[in-house]
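Undergrad: Join these two chains into a complex; the hints should help.
What follows is each chain in one-letter form.
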Amino acid sequence: MNIGILFMLGVSSLSVLGVVMAGWASNSHYPLMGALRSSAQMVSYEIAMGLAVVSAVLMTSLNKEGIGTLSMIGIVQAQQAQQVWFAFKFFPLGLIAFFIFAVAMVAETNRAPFDLPEAESELTAGFHTEYSGFRWSLFFLAEYSAMIAVSSIAVTLWLGGWMRPFPNALSGETWDLVFSLVPGLTFLFLAAMTFYNTARMPKHPYFKVQTIGLGGFGAVLALIGIILFLPAVRDRIQDIFWFSAKVALSMYMYIWYRGTFPRYRFDQLMKVGWKVLLPLGIGVLVLTAVAGILF
Amino acid sequence: MAPVATTFFFYFLSALTVLSGVLVITRKNAVHSALALIVSLLGQAALYLMLYAPFVAGVQIILYAGGIMVLFLFVIMLVNIEKSQKEDQFNKQWLVGLAAAIALGVLFVLVYVKGRALFPDRAIQMPETSNTQQVAVLLYGNYMFTFEIASLLLLVAIIGAVVMAKKRI
Chain A
1 MNIGILFMLG VSSLSVLGVV MAGWASNSHY PLMGALRSSA QMVSYEIAMG LAVVSAVLMT
61 SLNKEGIGTL SMIGIVQAQQ AQQVWFAFKF FPLGLIAFFI FAVAMVAETN RAPFDLPEAE
121 SELTAGFHTE YSGFRWSLFF LAEYSAMIAV SSIAVTLWLG GWMRPFPNAL SGETWDLVFS
181 LVPGLTFLFL AAMTFYNTAR MPKHPYFKVQ TIGLGGFGAV LALIGIILFL PAVRDRIQDI
241 FWFSAKVALS MYMYIWYRGT FPRYRFDQLM KVGWKVLLPL GIGVLVLTAV AGILF
Chain B
1 MAPVATTFFF YFLSALTVLS GVLVITRKNA VHSALALIVS LLGQAALYLM LYAPFVAGVQ
61 IILYAGGIMV LFLFVIMLVN IEKSQKEDQF NKQWLVGLAA AIALGVLFVL VYVKGRALFP
121 DRAIQMPETS NTQQVAVLLY GNYMFTFEIA SLLLLVAIIG AVVMAKKRI
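Chains A and B are the protein sequences, given in the same order. Quick note: the first sequence uses our numbering, first residue 1, plus one each step. Quick note: the second sequence uses our numbering, first residue 1, plus one each step.
Read the hints as simulated data drawn from the structure, not as lab findings. Glycine is no exception: its CB is placed at the ideal position from the N, C-alpha and C atoms. One or more hints might be untrue.
Partner residues aside, some chain B positions facing chain A, computed with beta carbon under 7 angstroms [to be verified]:
| hint | residue |
| --- | --- |
| 1 | 52 |
| 2 | 54 |
| 3 | 58 |
| 4 | 61 |
| 5 | 62 |
| 6 | 64 |
| 7 | 66 |
| 8 | 70 |
| 9 | 73 |
Using C-beta positions, here's what the derived DEER-type ranges look like [as the list claims (entries may be wrong)]:
| hint | chain 1 | residue 1 | chain 2 | residue 2 | range |
| --- | --- | --- | --- | --- | --- |
| 10 | B | 141 | A | 275 | 31 to 39 angstroms |
| 11 | B | 50 | A | 65 | 35 to 43 angstroms |
| 12 | B | 114 | A | 282 | 46 to 54 angstroms |
Looking at chain B on its own, in the form it has when it is part of the complex (with noise of 0.2 angstroms):
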């Protein structure tokens, strides 16, 4: 399949990821912040798309846009909206913060100014058919440990939220 104006895209994309991501620590109701990041998670699951991997993609929008996000907002519904308007949104480090941007930035333009070699010359065009397959192949073929000591840690998370949320079990 023909890119469809992949430049273009990409920046929009880009662009509208990382907008919604500062509306979403600059934003003093909490609501808002999340609606921010919703459209910041769609963004990502369009990059995704244009990276061609579609099944990402579609879990993306799945599991954080449909199911993370909304205990989120369930959670903020819960707390007292008013109270925390009135808190101070930033504590007085911000040099610090600063200068650890910075750092991280340096350090981006280092790795891709040094290690140029590291980078494809052309994007790689990936079979979109079987990106599925690939995908399972890697997860329960050459990573299988990995992958279920991943999902062992959740299962401590969900017994762990159980026995704290439940006085009598």
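So here's chain A without its partners, still in its complex pose (with noise of 0.2 angstroms):
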């Protein structure tokens, strides 16, 4: 078919259709304010989501035929072919492309800076005021999900997919074995700093089935990272570690920025998108057009 990323964009852009459906299907004040500053916001960034991903669609024609793709999968060939992050190439025209995408992956999930939707203080919980229980708990699952989703779009176009790191630079057997053996290092990390706090726990018999309990989880991760040490595992295993840890990290980022920025204002929303996002993402697209034909 080659247009995956294409799919990607379109299933991410009829998502607003659900929040604006539910803001409307309430019945009711608080949900349909919601509604509206959700549609307004998620079209708007969409624009600017749009434009940083064909930068990076026009930096996969830059080999010898001169025809790029829009297949995920081929996008990170042709990263692997240039033998660079599209974050890295053309420095720092890809950073800014990417640092625009980041931010505007956080807008179209609706999370905190971006979180005006829902904004608490204003409106209750937005779209989701008249919605409990499991009706309540979808919304979320959804909102978890494309956040994973839109996450690993940005890490299939920017930050090599399931490239390990430095697969150039550091290449040859040796770098190959330590590179493999990170999977299971990082699982024995974590199962030694559960038995650091198992040793911890307070001594009083009324913490006994928790101790066991944490004490039998570390076993298991330590279990784990014995498994990923095999020759047969560790081979197997690379592409989904890397491809994890990299979607692990932006989904960190994400958790990170709702507990360090404010909440916008609806008209600096207005205007970071329109007037700040746009025309960068147009500037970085034409100059990324002129630097893929000089160069």
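TA: Written out as structure tokens, the structure is:
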């Protein structure tokens, strides 16, 4: 089919319909306000997001045939062929495009500091004020799965997808071995942290079950770590581990933003979307095209 | 790629598109009409996929189902729905409408019967992998001038909207 990234953008642009319909169907004031805010926000940030994605797709066409690709696998293979993550291509153009996408993806998924649609101090809970129980949890499942999906797109387009760090600068048998040990070492480190805290648990009999449970959890983590050292498992787990690690880093950033930045005012939000990110996106797109022709 | 149950899917998607299109004009509530229109547009996107035009299908979903329909809903929420629900939905010109519809149907049938030579015997297998490139070659090569005129028209529309909406620029 070869429209992978286009399809992902299309599906993510459909998600705003769910929010708008939820807000309208509640037949109440706060949800309607939240839905209107959310539709305005998501439509305006989608444009900046699309421009950033186009500049990354443009970079895939810098091969001998001059033909790019929209396939997600093809984009990672292009980064492999050009021996650079697209975030560091044409420095700082790729980095700026990645930054635009990183801002727009937080706004697209309605997370802080762009959580205007559900600003609890103004709208109680925005579009899901009237929903509770399982329906409410469906909204949050959708929000968190959207976060993971958008992070995966960012990792695929700019951070080299499944490739390990420095596949070219640190190549060779030794470095391959060192990097293939990282998944097992990660799990062993987690297990060590768990054992350390097991030893620090209060010695009172009330905490006996918790202490045994934590120790058992640490043992399971250590077992997984040791299994990951087996050569057969080690080679197969590489791509999955590095991709998940990059996505996990992106999710960590999401939580970090939420704890760090105060919420925008709505006119500031629109100003950032239309007057900063959109011109920046167009500029990066034009400069990327020029750089692609020159170099 | 081998076609997947082409006949069944063609009739299924066509029925979905037409039925939801009928719902768009028969529903009293404007939001229900908009929802039916979304289903209709998605059905159209699937039909494009069956025609081996994945790029057009993707653009259809992004632009129509994702962008334009959100703006429609945005506008609908600003109008007074209770007042519009009491209004008469159809005017009294159904005879003219029926005649026009029958004339169009007869025209379609005539084109199909008389001009059978125009249609290819079987579906043309397009190279799917380069679909996007071919669209680009046509748009920016063969039909460059037309394409630029269309973009100029859109620019004029944008400027007109800004001029009408803002009292002082």
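Undergrad: Each hint should be assessed against the structure and marked as holding or not.
TA: Going down the list of hints, with the structure as the test:
1. Given the 7 angstroms rule on beta carbons, the hint for residue 52/B is violated: about 10 angstroms separates it from the nearest Cβ of chain A.
2. With a cut of 7 angstroms, the hint placing residue 54/B at the interface with chain A holds, because the nearest CB-to-CB distance is about 4 angstroms.
3. The beta carbon of residue 58/B comes within 4 angstroms of a beta carbon in chain A, closer than 7 angstroms, and the hint placing it at the interface holds.
4. Interface restraint check for residue 61/B: the shortest CB-CB distance to chain A comes to about 4 angstroms, inside 7 angstroms, so the restraint holds.
5. Interface restraint check for residue 62/B: the shortest CB-CB distance to chain A comes to about 5 angstroms, inside 7 angstroms, so the restraint holds.
6. Taken as an interface hint, residue 64/B does not check out: its beta carbon lies about 10 angstroms from the nearest beta carbon of chain A, beyond 7 angstroms.
7. For residue 66/B, the suggested interface contact is upheld, since its CB lies about 3 angstroms from the closest CB of chain A, less than 7 angstroms.
8. Because the closest C-beta pair between residue 70/B and chain A is about 5 angstroms apart, less than 7 angstroms, the hint holds.
9. Because the smallest distance between the Cβ of residue 73/B and any Cβ of chain A comes to about 5 angstroms, under 7 angstroms, the interface hint for this residue holds.
10. A beta carbon spacing of about 35 angstroms between residue 141/B and residue 275/A agrees with the range 31 to 39 angstroms that was offered as a hint.
11. At roughly 29 angstroms, the beta carbons of residue 50/B and residue 65/A sit outside the given window of 35 to 43 angstroms.
12. Checked against the given bound of 46 to 54 angstroms, the beta carbons of residue 114/B and residue 282/A, roughly 50 angstroms apart, stay inside it.
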